[in-house]
Amino acid sequence: MKKIIAAGIFGLSLAASGLAYAEPVKIGVITTLSGGGAGLGVDMRDAFALAMKQSGNKDVELVVEDDAQKPEIAVQLAEKMIQSDKVDLLTGIIWSNLAMAVVPNAVAQDVIYLSPNAGPSALAGAKCNKNYFNVAYQNDNFHEAMGQYANKDYKKTFILAPNYPAGKDSLTGFKRYYKGELAGEVYTQVGQTDYAAEIAEIRDSGADSVFFFLPGGMGISFMKQYAQSGVNIPVMGPGFSFDQDILPAVGDAALGVKNSASWSKDLDNEANKQFVEAFQAEYKRLPSVYAAQSWDTANLILSALGKASVKDKDAFRAALKAADFKSVRGEFTFNTNNHPVQNIYVREVIKEGDVLTNKIVATAFEHHKDAYADQCKM
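Using mature numbering (1 follows the signal peptide of the UniProt record, and there is no 0), the letters of the sequence shown correspond one by one to residues -22 to -1, 1 to 356.
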């Protein structure tokens, strides 16, 4: 069911917000709001809507749709938004297989798409496009950071991820920086809930560590079963597998696990402090990486709307590329392929009172660029 959210109900006038162009802007938000991955999409939607609310921009309208984590639905929704709803911008997709189904066709129709999460390698490299901006990361990045960090303590790591573009990118990224031996490399089914076979393989592999990327409900299922299995081999992963949307369901089994992300709630900058406080006040929960990336995506759009008309594509793309906004990640710029140049941190799962969360324990990379920009001929 389509949900229309008019940003104008949220308060301040456009003039008071200091934005330059008082014109209606319609943003299509396609994200996952049902099924096993719904928590990720809900965080994306909520943070985006809150950023718009706080901006006071009365002229932005959000058209929000549920893709149900199905590529065919995402494609249909994108076409409807472009052809019938006449959206000016598209955003929202969480999953890389959905992004690969939607983004190439959308940008070919001269619609600007801003990714708040999915970052498949093809769209960073050979299939880059002037209308595609990734405000999150390139899929390999968090995994590259854990590969780099794993060298510190481990010599024989078992790696596993789902068999879809982001899963393949994740293990590619880990292997790019990891110097040790692989005890095993397994691709699981997308949406898989039973990991008994994989855990048995890990047990028998001789591994001294496990790296896995299993976002959403997949990660919850794996960690619960892993904890119950009695296999005591240390695990690590990207932030998605140990993020705020996952930790309450996993429980204390996650304590002490190292994971990588470009954001953490304890990053010491004013924009991040304001974001965490605002999100908690509005939704009564801590934000996740998905929420942080979505918040930045919304504020990037707002910054560009303050400089250029969304109808003037060249000027608006230039305003986006300038990235003149206060990122919750601190310093943020775009590389030549419209993907972030940013720090990647290592976090550790801790407990604050009764709440599981993360704290930064190391910086894996500073000003990190993805490995595919040289393939982009933009």
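Some clues are possibly wrong.
Derived lysine-lysine pairs resembling DSS-like cross-links, with alpha carbons at most 30 Å apart [to be verified]:
| no. | residue 1 | residue 2 |
| --- | --- | --- |
| 1 | 4 | 64 |
| 2 | 285 | 304 |
| 3 | 285 | 64 |
In short, the hints are calculated from the structure, not lab data.
Checked hints:
A distance of roughly 8 Å separates the Cα atoms of residue 4 and residue 64; the hinted pair therefore holds under the 30 Å criterion. For the given pair, residue 285 sits about 15 Å from residue 304 by alpha-carbon distance, which is consistent with the 30 Å threshold. A C-alpha spacing of about 22 Å is found between residue 285 and residue 64, which places the hinted pair at or below 30 Å, so the restraint holds.
Comparing the model with each earlier hint shows no violations; every hint is respected.
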